[in-house]
Structure formats: structure tokens, C-alpha cells
Amino acid sequence: MARMTTQPLLIAAMVLTLLAGGFAVWAGWSWYGAAHDDAAAYAASRDKVLAAGEQAVQNLSTLDHNDLAHGLDMWQDSTTGDLHQQLADGRVEFEKQVQQAQTVTTAKVLDGAVTELDDRAGKARVMVALRITVQAPKEKPAAKDSRMLGELTRTSSGWKLSALGQAPVGNSAAN
Amino acid sequence: MSTTRHLVNRQRRLASAGAARVATEAAPPERKPRALNPADGRPSSPTGEAPKGATEKTAEETAGPPARRRLPGSRGAVRSGLRRVLSVRTPVVLCILVVLLGGFAAFAATRADSLRSDPAARNAALTDPARTSEVKGQTEKAVAALFSYNYADSGPADKAASTLLTGKAVQQHRGMLAAVRAQAKDQKLVLTTTVTESGVEMIDGSRARVLVYADQSSTRTAGKKPETTYAAAMFAVDVARGSNGTWQISGIDTFGQGS
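These protein sequence lines map, in sequence, to chains P and R. Numbering-wise (the working numbering), the first sequence opens with residue 108 and increments by one. Numbering-wise (the working numbering), the second sequence opens with residue 7 and increments by one.
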């Protein structure tokens, strides 16, 4: 009597267990795949590069003559390699110029995009659309849009700018 | 002395055992004597012996003979008990397993789903090189075609405007080129736009956003000397993939600048 009633129950339980086991294996595999997805890791790097690039470009376009030391420290902190060296070398001269001009420069990142990313080599290129506002004493603030191109290098303390410049303007179509 | 006492004891024991057997035979269910005892046990209890012996006997009887009686069938009983326990416990264990596995599966599935639906992971810019270069290439071509205009032949510009634009970009583009179209004939204007840099910011399915740096040269040949001016432009475009697989510009973001 007992066996006759428990047997189908047992079979049903086993089938359910198998199904649940199968589902668990599939879901676990799916989770593992999603967590170890190369594309996802690359996407995360891309977003990190963009954030670091935009912040660094903004830092390098921001300077208050009242707070030069801090501002220039920030510049050097946002850069690495050649660019870092250039900034360090030209710092004294630059400080003089800014102190004479008494300008306050602020920048706003309008948009940005990563154009190249070599995650292994730790190199990347970014485009940052920037609006720079320069406030000179007794003058109206002047806003200017800048088309920045930057190169980033990965360092032990994150992605930093190793080159920065403006996209050259228009003689490609001229001659 | 000891032997006599021993004998007496033995006799007593035998007698009690016999009495017990008689008791059990006379009253197979144990409850009966117990039920009877309280009835006549109250008056007889002070006298001691008889009821005491009776209770001892019943105790002996319940502890001894039934155990012995179970023994011959005990192996089978244990086996069937085991089987019963197994057959009852196995489904319970399996049910617990089902719940645990199902719980893990559900958890893993939601984790996987949240990882996959993460905006960063969904954005295929750069992570899908083929799609990225497709978006980049088509956007560059579309921008160049849409923002170039030749006073002598407005055909290509009109064709570009009618095929490469969609949504609100149609109106935006018309507004941006209105001045050019108005002056083109008089000034013999040729506007040429070249994309110098572009970067795909985001690709999400059939939508994408591209940041564009472009150079615009406009040449006016109406005067004695043709004069050319250059302008640097930067803007972002939203593009959408049409049904025929080509990317059309659906929005133009000039970051709050005039053109």
C-alpha cells in the first residue's frame, strides 16, 4: 500500500529534482558567462577610460590664478608620461603668465567618446567636446568651444592623459 | 539458609511469572487490569502485596514478553520501517533539493540578467568592432553629404536630405541649411563638410550616438576673387538603424550653439 502510493511521488520528486538541477546548471553557467564576459569587461574599461579622460581634460582646462598651486597640482596629477613632464617643466613659467593675466578659466565637458581602446597595452584615445570659459579681470567672460583629442595611458593609479591637443582646423579640404 | 532463601525467592518468582502468564492469558489487553486496578485497587492498596505484585507483573509482562515477541519478526520490521522511512524521507530530501536548486537557479538567472542588462554592458560601442565601424562609417558619410551644398547642383544635397534623415533631425537640418540655401545662388556658394574625427559614444540595438568633429569650407565664387572660409564644427548626432539596414540621422546636438 505505502509503496504503491509513494512510488509515483518518488518519481515525480526525482523528475522535479532533475529539472531543478538542470535549471540550476544552466543559470549558473549563464551567470558565470555574464560575469566573465570579455565584452562586458571591455565595456567597463571603455566607460572607465571615458570618465577618466573627460575628468582629466576638464582638469587641464581649469585654472584659477588665485589658487594656482592647487590647480597645477591637479594638472600634474591628471597626466602621465611626456605630457606630465612638459607640465612639470613649464610650471614655473606658466605660473608667472597666469599670475600676470589674472585669469580664471573654467571648462565644461559637453560630450565625449572613446575612439580607440587597447585594454592590454593600456592605451586609449578619446574625443572630448569642451566649452572653455576664460574670465580675465574687468572683461566679460569669453566662452569658446574646443575640440579636444586626448591620449590616455593606464598607470598604477588609473588612466591618465599622456597627450592632449585640439583637433586641427580646416586646411585638409583647402589644398 | 541461603539455599532456602534462594529457593523461596525462585518459587516466588516462578509463581509470579505464572500469575503473570495467567494474567496475560486471562486479560490479553493490558488496559483491562489497569482499568480494574483503580476500581478495586483503592481498598486493596494499603494491604500492599497483591496489587504490588500485580503491577510488577504487568510491568514485567509489558517489558519482557512483547520484546521477545517482536524479536523473531524484528529484522523484517526494521527493514520495512527503513523502507518506509526511506520512501518517506527521499521525497522530502528531493523536495528540499528542488527548493535549493531552484532558489540557486533563480538567483543566478537574475544575477546574469542584471549583469547583461547593465547599461555599460549593453552599450556596444567599441565592444562590437564591426557594428562600431559600420555606425562610424555611415555617420561620417551621412554628415558629409548632409552638410555639403553646391549652388550649381543641389541634387545630391536634396537626395541626402530625403534619404539620410529621420525624425526631428529633418526639421533641424532644414533650419541649419536654410541660410545656405537662401544665399547659395547669389553668392555661388559651395559648402563642403569633411568629418575629421568621429567617435561612437553609444550603440544600443538600433540606436547610436556619435560625436563628430567636422571641418566646413565654404567657397563663394560670385565675387572677382573666390574666397574660402573655414569653420570648425563639433556636434553629436543620434542615429537610428532603418528597416533597410542603413543608419539615418535622427537628431543633431550642437551643444546649444547656433549651428
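If you're looking for bench data, these hints aren't it; they were derived computationally from the structure. The structure presented is a predicted model; accordingly, all values stated were derived computationally and were not measured. Each hint should be verified, as a subset may be incorrect.
Short derived list, chain R residues pointing at chain P, Cβ under 8 Å [said to hold, decoys possible]: (1) L107; (2) P135; (3) V186; (4) E203.
Built from N, CA and C at the ideal position, the CB exists for glycine as well.
Answer holds if the nearest beta-carbon of chain P is closer than 8 Å to that of L107 (chain R); otherwise answer violated. Cβ of L107 (chain R) sits 4 Å from chain P, so the hint holds.
E203 (chain R) as chain P interface residue, shortest Cβ-Cβ below 8 Å: Check passed: Cβ of E203 (chain R) comes within 6 Å of chain P, closer than 8 Å.
Residue hint P135 (chain R), partner chain P, criterion CB-CB below 8 Å: Cβ of P135 (chain R) sits 10 Å from chain P, so the hint is violated.
Under the criterion of a CB-CB separation shorter than 8 Å, is V186 (chain R) in contact with chain P as hinted? Where the cut-off is 8 Å and the nearest Cβ of chain P is about 16 Å from V186 (chain R), the hint is violated.
Going through the hint list in order, the structure does not satisfy hints 2 and 3.
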